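S.K.: Chains as they are written, first to last, in our numbering: chain A, 8 to 758; chain B, 366 to 530.
None of these hints come from the bench; they were simulated from the model. Hints are not guaranteed to be accurate.
[What the hints assert, rightly or not] Okay, the calculated beta carbon distance ranges per label pair:
| hint | chain 1 | residue 1 | chain 2 | residue 2 | range |
| --- | --- | --- | --- | --- | --- |
| 1 | A | V698 | B | E385 | 53 to 63 Å |
| 2 | B | E385 | A | I565 | 40 to 50 Å |
| 3 | A | A201 | B | E501 | 51 to 61 Å |
| 4 | B | P492 | A | Q673 | 30 to 40 Å |
Predicted model only: the values in this text are computed from it and were never measured. Note that CB positions come from ideal geometry on N, CA and C, so glycine has one too.
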Amino acid sequence: MNHEPIIGTAVPRKEGQNKVTGKAQYVDDMVLPNMLYGATVRSQIPRGRIKNIKFSPGINWSEFVVVSAKDIPGKNCISLIMDDQPCLAQEAVNHPEEPILLLAHRDRYVLAKAVEAVSIDYEPLPTVFTIEDSERCSEIIWGSNNTFKTYLVTKGDVDSVWKDAAYIVEGEYTTGAQEQLYIENNGMIASCDAGQGITVWGSLQCPYYVHKALMALCNLTADKVRVVQMETGGAFGGKEEYPSMIAAHAALLAVKSGCPVKMIYDRMEDMVATTKRHPSRTRHRTALSKDGKILGGEIEFIIDGGAYCTLSPVVLSRGTIHAGGSYFWPSVRIRAKAVATNVPPHGAFRGFGAPQSLFALERHMDHIAEVVGLSSVEIRRRNFLKPGQTTTTDQVVREEIDLNKLLDRALELSDYHKKRMSFSQNNTSGATRRGMGIAAFLHGAGFTGSGERYLSSVVGVEGGADGRLRVLVSSTEFGQGTKTVLSQIAAEALGLRYEDVTVAQADTTEVPNSGPTVASRTAMIVGKLVQLAALGIRQTLFSSGILKESYSPEEFRIACQNYVAAHGPFRSWSHYEEPKGVFWDDEKYRGEAYAAFAWAVYIAEVAVDMVTYSVSVEDFVALQEVGKVLHPVLAQGQIIGGIAQAIGFALYENVAWQNGRMQNGQMTNYIMPTSADLPPIRVYFEELGNVHGAFGAKGIGELPMDGPAPAIVNAVKDALGVNFNSIPLLPEDIFHALAAKGEEAYLKGVK
Amino acid sequence: MSAPSAGTMPCEISFVVNGEQRTVRAHPMERLLDVLRQQLSLTGTKEGCGEGECGACSVLLDGLIVNSCLIPVLQAKGTEVVTIEGLGADDRLHALQKAFLECGGAQCGICTPGMILAATHLLNKNPRPKLQDIREGLAGNLCRCTGYMQIIEAVIAAAHESPTP
Numbered sequence: 008m009n010h011e012p013i014i015g016t017a018v019p020r021k022e023g024q025n026k027v028t029g030k031a032q033y034v035d036d037m038v039l040p041n042m043l044y045g046a047t048v049r050s051q052i053p054r055g056r057i058k059n060i061k062f063s064p065g066i067n068w069s070e071f072v073v074v075s076a077k078d079i080p081g082k083n084c085i086s087l088i089m090d091d092q093p094c095l096a097q098e099a100v101n102h103p104e105e106p107i108l109l110l111a112h113r114d115r116y117v118l119a120k121a122v123e124a125v126s127i128d129y130e131p132l133p134t135v136f137t138i139e140d141s142e143r144c145s146e147i148i149w150g151s152n153n154t155f156k157t158y159l160v161t162k163g164d165v166d167s168v169w170k171d172a173a174y175i176v177e178g179e180y181t182t183g184a185q186e187q188l189y190i191e192n193n194g195m196i197a198s199c200d201a202g203q204g205i206t207v208w209g210s211l212q213c214p215y216y217v218h219k220a221l222m223a224l225c226n227l228t229a230d231k232v233r234v235v236q237m238e239t240g241g242a243f244g245g246k247e248e249y250p251s252m253i254a255a256h257a258a259l260l261a262v263k264s265g266c267p268v269k270m271i272y273d274r275m276e277d278m279v280a281t282t283k284r285h286p287s288r289t290r291h292r293t294a295l296s297k298d299g300k301i302l303g304g305e306i307e308f309i310i311d312g313g314a315y316c317t318l319s320p321v322v323l324s325r326g327t328i329h330a331g332g333s334y335f336w337p338s339v340r341i342r343a344k345a346v347a348t349n350v351p352p353h354g355a356f357r358g359f360g361a362p363q364s365l366f367a368l369e370r371h372m373d374h375i376a377e378v379v380g381l382s383s384v385e386i387r388r389r390n391f392l393k394p395g396q397t398t399t400t401d402q403v404v405r406e407e408i409d410l411n412k413l414l415d416r417a418l419e420l421s422d423y424h425k426k427r428m429s430f431s432q433n434n435t436s437g438a439t440r441r442g443m444g445i446a447a448f449l450h451g452a453g454f455t456g457s458g459e460r461y462l463s464s465v466v467g468v469e470g471g472a473d474g475r476l477r478v479l480v481s482s483t484e485f486g487q488g489t490k491t492v493l494s495q496i497a498a499e500a501l502g503l504r505y506e507d508v509t510v511a512q513a514d515t516t517e518v519p520n521s522g523p524t525v526a527s528r529t530a531m532i533v534g535k536l537v538q539l540a541a542l543g544i545r546q547t548l549f550s551s552g553i554l555k556e557s558y559s560p561e562e563f564r565i566a567c568q569n570y571v572a573a574h575g576p577f578r579s580w581s582h583y584e585e586p587k588g589v590f591w592d593d594e595k596y597r598g599e600a601y602a603a604f605a606w607a608v609y610i611a612e613v614a615v616d617m618v619t620y621s622v623s624v625e626d627f628v629a630l631q632e633v634g635k636v637l638h639p640v641l642a643q644g645q646i647i648g649g650i651a652q653a654i655g656f657a658l659y660e661n662v663a664w665q666n667g668r669m670q671n672g673q674m675t676n677y678i679m680p681t682s683a684d685l686p687p688i689r690v691y692f693e694e695l696g697n698v699h700g701a702f703g704a705k706g707i708g709e710l711p712m713d714g715p716a717p718a719i720v721n722a723v724k725d726a727l728g729v730n731f732n733s734i735p736l737l738p739e740d741i742f743h744a745l746a747a748k749g750e751e752a753y754l755k756g757v758k
Numbered sequence: 366m367s368a369p370s371a372g373t374m375p376c377e378i379s380f381v382v383n384g385e386q387r388t389v390r391a392h393p394m395e396r397l398l399d400v401l402r403q404q405l406s407l408t409g410t411k412e413g414c415g416e417g418e419c420g421a422c423s424v425l426l427d428g429l430i431v432n433s434c435l436i437p438v439l440q441a442k443g444t445e446v447v448t449i450e451g452l453g454a455d456d457r458l459h460a461l462q463k464a465f466l467e468c469g470g471a472q473c474g475i476c477t478p479g480m481i482l483a484a485t486h487l488l489n490k491n492p493r494p495k496l497q498d499i500r501e502g503l504a505g506n507l508c509r510c511t512g513y514m515q516i517i518e519a520v521i522a523a524a525h526e527s528p529t530p
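Can you build the whole structure from these sequences, using the hints too?
M.R.: Written out as structure tokens, the structure reads:
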């Protein structure tokens with residue numbers, strides 16, 4: 008069974024040809040007969056009671072289908088974790104842009120005018136917009152104390168370390184909201200059939216999240232709800248939970264009108280009404296020995312969840328577990344909290360809490376270095392986690408990771424020392440200041456702790472009449488390469504050709520629940536299940552005597568074909584089983600948080616323009632250990648794309664809030680990086696493998712979001728000698744900081 | 366999405382699309398984007414922002430790269446429009462389409478048609494672009510997935526494929 012390896016090679020993306028020829032079908036490309044367009048009437052205030060809804064004259068309202076909360080057949084909520092978010096607000100609203108009414112009409116131009124013609128009277132209620140106000144409980148806007156979730160992680164006796172500490176370093180760090188800004192806006196089509204129930208087709212990450220939400224909302228059994236993923240034009244977490252809301256809205260309109268209904272958000276609606284990355288505040292207090300070794304620390308990590316719980320507890324969890332980063336903490340106490348504010352709920356975005364707490368930590372490490380009098384390099388060396396040591400949750404590092412080696416290689420690749428020396432000599436004059444910054448970090452792959460056990464994913468592989476295999480998963484393709492990589496895994500497992508395997512469209516009537524497509528879990532966790540299910544297919548062929556022990560791909564195909572001719576299409580299923588010896592305590596938040604971590608050292612080189620105070624990233628070295636690289640081109644694409652988003656997070660992407668509403672909900676004034684803004688991003692992999700992943704893979708999708716922001720801000724510190732502890736770091740922030748420092752030379756302009 | 370101006374009557378507008386003479390009946394102010402997608406079923410042209418920022422709706426109009434969300438269809442009268450469907454097909458992919466496939470230039474694919482047309486325009490003007498020419502030439506087309514590097518690689522690869530000018 009010798010064959011050319013498929014794992015580790017750059018096979019063509021499965022759906023690539025359709026994408027480059029424009030044939031790929033996204034939801035807005037689909038038209039159903041007799042289809043109406045749907046639109047949402049949303050709250051104009053952040054918090055208040057709904058007093059009256061008026062339908063202004065000048066619109067022929069009899070032509071419209073109007074849906075309110077009263078039309079909901081089941082429970083008025085988007086079922087997820089807490090079931091606290093209404094599908095349609097009934098008596099009160101808790102954030103701007105909260106859905107209140109739904110309208111449908113055949114003509115989408117008339118529809119847009121009708122939305123404007125609905126006016127709603129409110130009795131405004133006091134509001135809370137910041138983490139600080141929410142904590143103070145000046146106004147209770149959610150539950151009894153504005154708190155969605157808290158975690159406490161403790162390790163060792165942190166109270167005893169302060170008296171012997173040579174240094175105690177404190178710092179506070181904040182990160183802003185960030186819009187996912189997938190280029191395809193959210194959209195969904197729903198149709199309703201008395202016999203078959205509800206079907207939705209949409210742009211989404213998690214078919215079974217939508218399925219669950221529609222069952223609860225419409226009071227339907229599982230077989231009466233069908234969810235189909237269309238080609239999805241980017242997601243990044245932004246299509247993890249919100250598609251359940253849009254699907255619910257489209258479904259309600261379809262039920263009431265009896266027609267299929269298409270709801271496609273325009274860019275403004277998508278930006279102002281749907282989820283963003285949680286803003287955060289992290290406080291560190293760290294005790295250090297005289298040689299710069301961490302003795303212990305207190306970490307407080309708070310995220311702003313917005314008006315409803317949605318996924319905040321899970322985002323908080325990942326941020327909490329990553330708060331200690333890739334360092335050894337003999338003792339630590341991490342207090343974490345997700346609080347409510349009157350802004351649209353924040354949600355999933357690549358990295359899921361980790362970019363926030365790791366920004367704080369990696370900035371803090373540079374602070375510590377400064378106080379202790381060590382270099383940014385040396386402080387990290389002295390504190391890196393080593394195999395056999397434990398993380399903040401007492402997870403033993405079993406991987407043979409050598410972070411010092413990773414750091415050395417990154418320093419060499421970036422020419423760190425030579426460049427820093429040259430910059431420090433040249434930074435005294437001229438219109439540009441340059442600097443280098445480091446971030447060392449990790450990212451856990453898969454669901455946290457017992458999460459994968461609760462998900463208990465199922466994967467199927469089907470042998471078809473043409474003798475080819477079809478992978479059945481709810482794991483979705485939205486650019487990362489799910490279809491390609493899972494096909495590679497199945498083909499490699501059986502020694503087949505890449506062309507012999509396809510992946511079924513994610514349609515809940517066809518595919519089992521292999522869990523949501525999130526948390527860097529698809530290649531590693533689902534991939535392993537695909538490998539097992541594929542082996543089951545071969546076992547069936549072996550057992551029936553139709554396939555010999557040694558076979559060629561063509562012999563396999565013919566055997567499969569013959570088996571199907573005799574018995575019909577056949578399937579093999581695999582079920583997630585927790586690795587042995589894994590311990591996780593949900594109460595104490597201790598134990599094996601993740602089956603595997605990816606590790607990285609990133610180095611940014613920046614230039615600060617001393618006239619405009621704009622920062623540009625001039626060079627970027629990204630070195631990571633990600634287990635086995637399954638597909639070199641896709642893996643590079645994930646890393647580069649993540650870094651580009653993180654450069655935006657660090658330097659450009661500013662959500663301008665006013666009374667809880669995003670004011671810059673347009674691509675014109677919410678600035679993401681263009682091709683002219685980005686440096687050469689140089690990507691390097693180390694491959695240690697991973698026993699828990701398919702062919703040694705680990706998750707890589709989120710890792711590149713974690714490191715760039717602190718590396719860049721550390722580089723700005725290196726260039727200017729000024730500490731910045733908040734992102735996005737905009738030119739005006741640099742101007743104000745330098746002005747406050749009274750740096751006359753900077754502010755008079757540089758000749 | 367903006368409504369066609371009230372008071373204007375639909376009229377017949379003819380232009381060449383992907384080499385074929387087409388006549389549509391549309392309000393003069395209707396967006397070329399909508400006419401292409403809805404009347405002519407050329408859904409390879411995508412809408413990303415509706416305000417000319419993202420370039421997902423890019424098409425070639427008389428050889429120039431334009432945002433079809435900003436072009437009233439009347440303006441297309443008598444012109445020659447090329448969409449992604451006119452650039453190449455499965456059995457005869459354009460060099461850029463091949464290069465995007467090989468280099469990883471398409472991830473989620475939503476910016477891809479517009480990006481490939483912008484790259485086509487760039488190579489038509491400048492068959493041997495330097496790195497900076499490509500960075501600037503594609504800066505009107507936003508991609509959130511790739512960080513652009515593999516797109517730039519694809520453009521370089523396609524430029525090498527084409528015969529020396």
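S.K.: Tell me the numbers of any earlier hints that the structure contravenes, in ascending order.
M.R.: none
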